[in-house]
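Undergrad: What follows is the residue order along each chain.
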Amino acid sequence: MHISNGIIGGPVSLAYGVVAVGLLVLCLGRARQDLNDRLAPMAGLVAAFIFAVQMLNFPVLPGVSGHLLGGALAAALVGPWVGALCVSVVLIVQALVFADGGISALGLNISNMALLGTAVGYLVLVGLLKLLPRTAAGVGFAVFLASIASVVLASQGFVLQFVLGGEVPLTIGYGQISATMAGVHALIGIGEGLIAAVTVTTVAKVRPDLVYALRGARLDRPATGGVPTKVFVLGGLAVAAVLAGGASYLASGSPDGLDATTLEGCTVDADGAITGGSCIAQRAADHELGGSFLADYGIKGIDNATGLAGLIGVALTFAIGLAIFWTVRRRRAAAAPEQVPVAVSAEK
Amino acid sequence: MGAGHTHPMYVHGHSPVHHLAPEVKIAASVLFTIVVVATPRELLPAFGAYAVIIAVLAVLARIPVGWLARRSLIELPFVATAVLLPFFAAGPRTDVLGLSVAVEGLWAGWNILVKGTLGVLIALLLSGTTPARDVLVGLDRLRCPQAITQIALFMLRYLDVLADEARRMRIARLSRLDDPRFLWQVRGFASGLGTLFLRAFERGERVFLAMRSRGYTGRLPAALHEGTVATAGQWAVGAAVPALAVVVLLTDRLLV
Amino acid sequence: MTALLLDDVRYAYPDGHQALHGVSLRIEPGERVALLGPNGAGKTTLVLHLNGILPASGLTGASGTVSVGDRTVDPRDRPGLAEIRRRVGLVFQDPDDQLFLPTVAEDVAFGPANLGLRGAELAARVDEALAAVGMGEVKDRAPHHLSLGQRRRVAVATVLAMRPDLLVMDEPSSNLDPQARRELAEIVLGLDVTLLMVTHDLPYAMQLCPRSVILDAGRIVADGPTRDLLSDADLLARHRLELPYGFAVPVP
Amino acid sequence: MTALLLDDVRYAYPDGHQALHGVSLRIEPGERVALLGPNGAGKTTLVLHLNGILPASGLTGASGTVSVGDRTVDPRDRPGLAEIRRRVGLVFQDPDDQLFLPTVAEDVAFGPANLGLRGAELAARVDEALAAVGMGEVKDRAPHHLSLGQRRRVAVATVLAMRPDLLVMDEPSSNLDPQARRELAEIVLGLDVTLLMVTHDLPYAMQLCPRSVILDAGRIVADGPTRDLLSDADLLARHRLELPYGFAVPVP
Ligand SMILES: Nc1ncnc2c1ncn2[C@@H]1O[C@H](COP(=O)(O)OP(=O)(O)OP(=O)(O)O)[C@@H](O)[C@H]1O
Ligand SMILES: Nc1ncnc2c1ncn2[C@@H]1O[C@H](COP(=O)(O)OP(=O)(O)OP(=O)(O)O)[C@@H](O)[C@H]1O
Ligand SMILES: [Mg+2]
Ligand SMILES: [Mg+2]
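Protein chains in written order, with the UniProt record's numbering: chain V, 1 to 348; chain E, 1 to 256; chain D, 1 to 252; chain R, 1 to 252.
Any given hint might turn out to be false.
[Said to hold, decoys possible] Label-pair ranges, simulated between beta-carbon atoms:
(1) D:His21 to R:Gly224: 34 to 42 Å
(2) E:His12 to R:Ser231: 38 to 46 Å
(3) R:His145 to D:Asp127: 47 to 55 Å
[Unchecked claim] If you want a taste of the chain V side facing chain E, the calculated C-beta under 8 Å gives, among others:
(4) Pro11
(5) Gly22
(6) Leu23
(7) Leu26
(8) Gln33
(9) Leu56
(10) Gly102
(11) Leu160
(12) Tyr174
(13) Ile195
(14) Asp209
Don't read these hints as lab results, they were simulated from the structure. Heads up, the beta-carbon is just placed ideally off N, CA and C, and yes, glycines get one too.
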């Protein structure tokens, strides 16, 4: 979800830059306690891993790319403070060394992906870990859902930035943009959730000492100390509610400026533009993929269905997540099964 | 294996731009980009002038045009989707080539396209003339917090380790009669990914400990890159670029 | 039919470093040959040619042909490569290049499973190979959590389990404890395979291989009975080889 | 003052595997000691304790104390650790763990630069160390583009360049060609350091180290003059050690 230069106005970019620096300083302060001999290389690996998975990206909106974000993975393995630093490092290096994401949009990108994404991922994850059984499947499922939540919410962070500082008034409402972003990112979130869940469960099984979210305890053993359970459960539930409800609320918001003629022209032209874009180098396939999402949402926008599309995306995500969780769980009919249904229904 | 061999974006060379200290180049790039972004989108000649500055720098750095073009293509699709904006924007409309487009949208699309592209080119000039590790050295000298440079250093090293471990695992599979397409079968892929992560971590951890046992304290010893510290002259040269951009911006402002 | 035939093999690494300058070699079925030579001579590079890992297809700087039995290695011919890899079992110099699955048992089973073995037969093959190298106990542990010598033994087992026709081992005895080294020698002597073994351990070469080849700077500089080569102190000294402290060529 | 003192060191890896079951050892300044033992005995694990790499701070399953000279290894005491790491030079069993910078020269310079050397003095130190292992020519190449034996030699150079008081080497001779192995022995014999060397090469141990210690299953099972230990065939056999083919303990 890199934003390039020139999409968000100068003052808003600057404001976000200031906020990002402020929060990063906070993270640095907290990270100093965490960044010991063991965590330093892990932080580097997490950053490298995120860097690698972010290479697979495609356009979702003009000047904005879609790809895995990695905030929840980072939060699970190195904790929220170092995790936010890891993702920030990825973004800084990408901007400076790989010319990916605008240098002037660094504050925006860090706010969305590093700060918002990691924070949401961590809250949801820790909340779910309190509810789910401490088995490999439980941890994997928690990471899976946390990833989806973090990706979708980070995408909404962009929408907020666009509302505040978009350089141009659009015919499509913010609700639709929000739904588009949520829908696309719910799908991205599923992919990211699977990758993150596999990675974290593998590490948790062999080297539980490396999984920050488990606080060094082995699986199947209750964690000691920490913040009261209630806080995290409530936090996780609140985020899930925002996730499910927020998108639809935004989407049903204002179909302002909707005009049948404009939209007709828009779909046709959008197609034209996509064909134009697909000739660009080797990215053709990815590009068409991104483009078609956009076109789809454009068409459906006519009858206000975009909001629904976003909501369906989120719901679908959870459904698929549940299905995977159930199959995995049935396969390893393991410890503490009676806890699970409670957790799942609460999550819904 | 080791770190710092990742120079995917580095064009080897010995130009004056290559020899400029990394901290100077970073500061100049960031400032230049900010000037570009701060330029009102209507000042067309200013953008032309920026493009000329970039072209001159590219020639000085002896960066092949083909390389710049190929590299910027990677990022360009995201910027180029800006051509969609004229169709989505609200407000008064006009006809271009028989299509009805929004004036405001045209400007907005142009804004993203030109600032995005110039930004990409500036960043490419930086990364094409500065090895990744030197960028970190530069950040370090610009007083970037050590936690960040250290994570970044490990990140670059781990990119190598990941690639290297992935290569080893691939060869191991191949030589024992695996069809690489198997890699994409979900189970194999999933367990492969997890194992890759763990292996890479443990390799990297051992390398880290080996570094520690040779006295590493969180920052590369300055003696290893003493030769590249910026002189006052270099700072002056570096400052000239954004300064020139500001001059362009101001004169254009006054003229238009 | 020769087991292995190399004809004027040249190879330059992608960074431009020329590692092989025209190597020709012929090994008959059932022969056991030691490949000797100083560090950086190109032994590993040569070995990686034997089942088509090098040269990468389309690479310039590589020429010559490698044939295994009646087949020629050709990176573009995938079924042909698969057949060659079935015949040639390669033990890498670095065990980390060989082991990649989460448990030792899975890793050893990987090759035979690709050959089509299943179920009890596969399990038996795995157990047999692990028992041969004395690593039956570590079956369910993760390879990357073993000591280096244990990893090397498991690496040998992964290849033994495939029962190759041509066994190629790159310094198999390094990091092995003395008994494991002798046991490996006994295993190899008991197998009915063609063997090409890279080693710096000249007594070990003497013990296992009647014939030796010396590679230096990417060229074969000597080829003959091991006993003769090892008795020629001048030859050895020219190529950074020498008999170790306290060792004398045993009188036959 | 003893150079190295271990007192009842126990260690379990994070996956729960207990590698050291109480090791006590004392080495006097200037002694050269060989650490022998079968694969998986815990030699590498022990060696990693000597400069505070293991145990990681806060890890359960680890106990005992390690002292180097007048200092005790304590993972929480950072300045103390830095001092210990200055004194102890550790050559890892796997050179890939040791080399990580883009060129050989930089890698060798890394340690001395951390000690505060700069400019001409640093360059001289690097050249000297590389010359000692015969790797002066590969100075500007990338370590991961070297052969395994070349990498091992460079790894030794990275530690020699730091001029440690206590030199600890984990199987330094494996993958070295025979001449390089002898040259390494000569270098070590020429240095005025305390030496602890892990090896499976018993003649090499005999040549370099007057005293040997045998570690098996995480416990020290023998400690004495190398000549005596190597002459005790029963003892050796009990711990998977044996003299190689063709070697006889030279008569003094
Ligand atoms: N990946 C690589 N890229 C470039 N050069 C390489 C690479 N690997 C090896 N070389 C070079 O090729 C030459 C031959 O290397 P090779 O690994 O074949 O030697 P070797 O005979 O196996 O040595 P050793 O006994 O040390 O294992 C050496 O000079 C080495 O530096
Ligand atoms: N990272 C690890 N995690 C878990 N167990 C390990 C790890 N490394 C080693 N072990 C185990 O600890 C024991 C001691 O290993 P160590 O590497 O110290 O052996 P070693 O004496 O050096 O053997 P070798 O001669 O083969 O190098 C072995 O049983 C090994 O399987
Ligand atoms: Mg080799
Ligand atoms: Mg060892």
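Undergrad: Please go over all the hints and tell whether each is borne out by the structure.
TA: Outcome of the hint check:
1. At about 50 Å, the beta-carbon gap between His21 (chain D) and Gly224 (chain R) misses the expected band of 34 to 42 Å.
2. Between His12 (chain E) and Ser231 (chain R), the C-beta spacing of about 59 Å breaks the proposed range 38 to 46 Å.
3. Here the CB-CB span from His145 (chain R) to Asp127 (chain D) is close to 39 Å, at odds with the stated 47 to 55 Å.
4. About 11 Å separates the beta-carbon of Pro11 (chain V) from the nearest beta-carbon of chain E, more than 8 Å, and the hint is not met.
5. At a threshold of 8 Å, the smallest CB-CB gap from Gly22 (chain V) to chain E is about 13 Å, leaving the interface hint violated.
6. Contact between Leu23 (chain V) and chain E, as hinted, is not supported at the beta carbon level, the nearest pair being about 13 Å apart and thus beyond 8 Å.
7. Because the closest C-beta pair between Leu26 (chain V) and chain E is about 12 Å apart, greater than 8 Å, the hint is violated.
8. Interface hint status for Gln33 (chain V): violated, as the beta-carbon distance to the closest one in chain E is roughly 11 Å, over 8 Å.
9. Interface restraint check: Leu56 (chain V) against chain E, minimum CB-CB distance 12 Å, threshold 8 Å, status violated.
10. Hint status for Gly102 (chain V): holds, given a least beta-carbon distance of 5 Å to chain E, under 8 Å.
11. Proximity of Leu160 (chain V) to chain E is violated relative to the hint, the smallest CB-CB distance being about 19 Å (cut-off 8 Å).
12. Checking Tyr174 (chain V) against chain E: minimum C-beta separation of about 12 Å lies over 8 Å; hint violated.
13. The interface hint given for Ile195 (chain V) is met, as the beta carbon of that residue sits about 7 Å from the closest beta carbon of chain E, less than 8 Å.
14. For Asp209 (chain V), the interface hint is violated, the least distance from its beta-carbon to any beta-carbon of chain E being 11 Å, above 8 Å.
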